[in-house]
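First to last, the protein sequences are chains H and C.
Oh and the first sequence: position 147 is 157 in the numbering used here, straight run, nothing missing.
Oh and the second sequence: position 10 is 480 in the numbering used here, straight run, nothing missing.
Keep in mind that the hints are not guaranteed to be accurate.
Below are the DSS-like pairs computed for lysine-lysine, each with C-alpha atoms no more than 27 Å apart in a straight line [to be verified]: (1) Lys-467/H / Lys-598/C; (2) Lys-573/C / Lys-619/C; (3) Lys-280/H / Lys-497/C; (4) Lys-372/H / Lys-573/C; (5) Lys-666/C / Lys-579/C; (6) Lys-468/H / Lys-598/C; (7) Lys-372/H / Lys-280/H; (8) Lys-573/C / Lys-467/H; (9) Lys-372/H / Lys-579/C; (10) Lys-372/H / Lys-598/C; (11) Lys-579/C / Lys-468/H.
Negatives, chain C to chain H, calculated, CB over 10 Å [as the list claims (entries may be wrong)]: (12) Pro-556; (13) His-592; (14) Glu-648.
Hints are computed from structural coordinates only; laboratory data are not their basis.
A quick note: this is a predicted structure, and the numbers were derived from the prediction, not measured.
Backbone N, C-alpha and C define an ideal beta-carbon position, used for all residues, glycine too.
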Amino acid sequence: MTGPAIILLLAGLGAIAWVSARARAVRLQTAARATGRRDAVHSLPGYHGWYVALWTLIPAAIFLAVWANVAPGLVTQSVLADPAAQALPADGFARSAILGEARAIASGLQAGAFNPASEALVAPYRTAISEYGIAGAVLALILAFAGGAYAFTRIRPDFRARTRVERLVMMALLLASLLAIVTTLGIVASLLWESFRFFSMVNPIDFLFGFKWSPQSAAMGYGNDDAFGAIPLFWGTIFIGAIIAMIVAIPLGLMSAVYLTQYASPAVRKWMKPLLEVLAGVPTVVYGYFAALTVAPALRDFAVAIGIRGASSESALAAGLVMGVMIIPFVSSMADDSIAAVPQSMRDGSLAMGATTSETIKRVLVPAALPGVVGGVLLAVSRAIGETMIVVMAAGLAANLTLNPFASVTTVTTQIVQLLTGDQEFDSAKTLAAFALGLVLFVVTLLLNIVALRVVKKYREAYE
Amino acid sequence: MTDEQKSLAPANPKMTARDVKVFYGPKQAIKGVSIDVDMDNVTAFIGPSGCGKSTFLRTLNRMNDTVASARVDGTITLDGEDIYAPSMDVVQLRARVGMVFQKPNPFPKSIYENIAYGPRIHGLAASKADMDVIVEKSLRRAGLWEEVKDRLQDSGTALSGGQQQRLCIGRAIAVEPEVILMDEPCSALDPIATAKIEELIHELRGRYAIVIVTHNMQQAARVSQRTAFFHLGELVEYGVTSDIFTNPKAERTKDYITGRYG
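Generate coordinates for the entire structure from the input sequences, incorporating the hints supplied.
Structural data, given as structure tokens:
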């Protein structure tokens, strides 16, 4: 029996369970009400319906989820026990290739065999798959019936189905949130594991503090030493994301926040704030080709015109400028929030001393809002150094260690994309380097986020 | 103005208001108030919540300008000069007419910098030594010097509520104002801190013209020599404080004083 059919069948059973349990609850409760006792009836009939339906579905569903993972192993076991499997080669790789092909043919994913050895195993596979499929379906249905029957017998007028259902809902919500956390942990664990493999090939000191980045030479067999010095990448990332982009984003974001909170009339603010936030909604790939096709060539022509040598059409400046524009709404909205959080009484106090609006902003509002603004800037930096599309399109691939903003530099994210695209064996140092870079990026952005949130939180407490 | 109020009017009032009306959008908050404030007396504005006493106070240093929908009609003068005239520099006006707010609002700076704020923006101190003198003098007048002289670099927000409010008074004094407006300065303070502020008001009397808004009638009786009773945006009665409290002329004043409403 196929998966979808079983699921449909179970859903049907669940619906039947709901309807019949509800009907039974209605009948029993009507009788119980006739006795006139106030506590004779506990839950609405619908809750009884849900209680029985969930008891029908959940054990069977859990069983199916487990079965889907266990059954393939059992199928292989039984195929290997078949006499036809005695002819299999002892070599693990060839063996699993043949088994895989036989299984694919048996389950209809592949029309014919490349390896004649797998032909013999198709028939055993087919029987095993169908046997275990039927066994799984039958077991699931038995569980569904058993669960449903157990719950159905518990229906009584004063049975607290409502409380039980509530508890199940809570469990479902808990599971949903655990899933997100477990996923995060899984990602971190895979980063750590692959990075560990990388660092068993390349010395972490050489990686973190080396000045030469040429993974290609390592891939071509010149050895792993000296090829994975990531300093030029870190520098490129900082140069673009934390320096050039912030030089654009901090003043513009801060000034627009000051204008919007202090000078703009409510009508202007109502229009300008959403318009500014549109910037944050532009897909980064659009910024990317804006940087690569419009800004970068213009900057190169400009640099050539004023006689700067080494100007490249993929410049740090182009990527950084566009990234800065992208970041403006982040800085602006964080600064806006923290300026707005400075109590009105502070502003009144300053104005009542005879200060002008701009003196008040400069001497009272911005200093009071500074921790919030700093927090916003740190979040913006963490977002900028993790940004990928703009730098992949506009920043270039050359791992230069340079201060010239018109030269091409590369970033951590760009290199990760480079290392993982293309045909690479998965266990080479070149591919694994991407995980190590990812780990560094993850740790740095995590720290930035923690520090930023701390700063913001500490500041918020000051006024409450 | 009634004849009686005229007789109260000092020969040389510090501030005068004539037929002042304040509108917030279409709503009229003050309905034609005329009053004189003089140098030698503390003037108290009393009245139930929402009667317009604070709104009227804020017209005296044009703090209502910061409210976009507010509009002020009538004439208010400071030393005979119309403060709503186009030639009046509102920044200068507020340096001459200082204000202390309902809730203490020290800046999140050091105690020293809180006091130095006004003198610094108005360029009153030529040197650090000058500034030290101004800070000490202002803190002494605010009755706070002895408590904070050893920790001038501590944050002003770390002081207690009463100390913060005296810091705000000191901050207002530091720019040498002529008038000090106090908008319910003790409403957020405990009785001991309130007593200190009231004592301070006594000491400051005569040096500055002081106008205090309060909803506490005992406080008005304790600190002021002139009392104005506001109700529903009107000035109901204005007179010598002891007369207002012992022998009110208007029925509404009598009802309010005896606790019939408010």
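Checked hints:
1. Lys-467/H / Lys-598/C: With a Cα-Cα distance of about 36 Å, the restraint between Lys-467/H and Lys-598/C is violated, given a limit of 27 Å.
2. Lys-573/C / Lys-619/C: Distance of about 23 Å is within 27 Å: holds.
3. Lys-280/H / Lys-497/C: holds, 24 Å
4. Lys-372/H / Lys-573/C: holds, 23 Å
5. Lys-666/C / Lys-579/C: holds, 24 Å
6. Lys-468/H / Lys-598/C: Cα-Cα ~33 Å, so violated.
7. Lys-372/H / Lys-280/H: Given pair Lys-372/H, Lys-280/H holds - Cα atoms ~24 Å apart, limit 27 Å.
8. Lys-573/C / Lys-467/H: holds, 24 Å
9. Lys-372/H / Lys-579/C: With a Cα-Cα distance of about 13 Å, the restraint between Lys-372/H and Lys-579/C holds, given a limit of 27 Å.
10. Lys-372/H / Lys-598/C: Distance ~21 Å between Lys-372/H and Lys-598/C Cα, so the pair holds.
11. Lys-579/C / Lys-468/H: Distance ~16 Å between Lys-579/C and Lys-468/H Cα, so the pair holds.
12. Pro-556: holds, 17 Å
13. His-592: violated, 6 Å
14. Glu-648: holds, 12 Å
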